[in-house]
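*Asks:* Those protein sequence lines, which keep their order, are chains D and V.
Just add 1 to wherever you are in the first sequence, counting from 1, and you've got the working numbering.
Just add 186 to wherever you are in the second sequence, counting from 1, and you've got the working numbering.
Just so you know, the hints here were simulated from the structure itself, not pulled from any lab data.
Glycine included, every Cβ here is placed at the ideal spot set by N, Cα and C.
Hints may contain errors.
[Claimed, not checked] To give a feel for the contact side, a few chain V residues facing chain D, derived at Cβ under 7 Å: (1) 233; (2) 290; (3) 300; (4) 304; (5) 410; (6) 413; (7) 414; (8) 417; (9) 420; (10) 424; (11) 433; (12) 434.
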Amino acid sequence: MNTQFDSLQQFWEMAGHGPYVWTAVLVSLAVLGWLLIRPVQQQRANLQSIVRQSQREQVQQAAAAGLSEEDK
Amino acid sequence: MASGRNWNWFHRMGSPRWFYETTGRWLPWLWVLTLGLMLTGLVWGLAFAPQDAKQGNSFRIIYLHVPASFLALAGYYLMAIAGAIGLIWKMKLSYMVMKSAAPIGAALTFIALFTGAVWGKPTWGTYWVWDARITSMLILLFLYLGVLALQYAFHSQETGNKASAILALVGTVNIPIIYKSVDWWYTLHQPATIKFTSAPSMHPDMFQPLLVMIVAMYSFYALALILHTRVEILRRERKASWVRELALQAEPGGVAQ
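Same shape as in the complex, but just chain D (with noise of 0.2 Å):
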């Protein structure tokens, strides 16, 4: 199977066609791809905010305990 184009140029070009072509294909994929990247990172982040929550708690429960064992 051989490619269509005899060259890269040829290949953006499209005998003229390139324009439409390139802009759906880019337009395309930077969609597709803001898809899958926006979770990935939404996913990240609400993962550190749970660990600084939990970690907040324990910071605020030693706390606590500290002050019960003054009251003795």
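Once you've looked at the hints, dock chain V against the given chain D.
*Replies:* Okay, now just chain V, sitting in the frame of chain D:
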């Protein structure tokens, strides 16, 4: 209890934790499959498939236009069914899937409309016509955006879920109209290239890469839906102890910069 056991799988599937852990094992394979098929199909379609006798190279847009349109429609059914399951069995996970399907479907519908417009210019001489196929696809985009907007329109998540699910179900009326629009009305849009009832009206050299792209888009859809649903699960279950343990394992440092 036989009946109790028979329904076990159903309840397990409704558990966000079960979904999260199971899909976590699938994800690496889905990434490889999706990226591999997408790259193969695109290079094959853009560089190797012969050009169309009438349309020249502009027809190569079909390799994105048709798969995106397929999944924009199939994804709508999935979203509506997820909404129905949520309404009937009050399954939380089902509503999370419904919510996740909305932005993905909207993005795919946008790709279908955008690539169609760009393809229309060299083929029909215009980017846009208000014909039945294109207008009904635009309505599909608004339905997806409506389902998404209703999620944020109420204070109670419960009310938002029900409202979204009802809109999704009512909107399914539009799907057969989209399918049939090229047959029912006079339109510039060409009739379907692929039909289940007859051989494709396309040369095999052109058709094979299209088939690869359609499978790639199904794989992409599964991947995107799973990723979005997992974000939703962590967001809504962040107080659950299994989520905390999981977060501590994944991000032991916990300090985000």
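*Asks:* Now, for every hint given, state plainly whether the structure supports it.
*Replies:* Structure-based check of all given hints:
1. 233: The hint holds - residue 233 of chain V has a Cβ within 7 Å of chain D, the shortest such distance being about 5 Å.
2. 290: holds (6 Å)
3. 300: Since the shortest Cβ distance to chain D is 6 Å, the answer is holds.
4. 304: With Cβ-Cβ at 5 Å, under 7 Å, it holds.
5. 410: Holds - the Cβ of residue 410 of chain V comes within 7 Å of chain D, reaching about 5 Å at its closest.
6. 413: Because about 4 Å separates residue 413 of chain V from the closest Cβ in chain D, which is inside the 7 Å limit, the hint holds.
7. 414: holds (5 Å)
8. 417: holds (5 Å)
9. 420: With a closest approach of 4 Å, the residue 420 of chain V hint holds.
10. 424: holds (5 Å)
11. 433: holds (4 Å)
12. 434: Hint holds; residue 434 of chain V Cβ to chain D Cβ min 6 Å, cut 7 Å.
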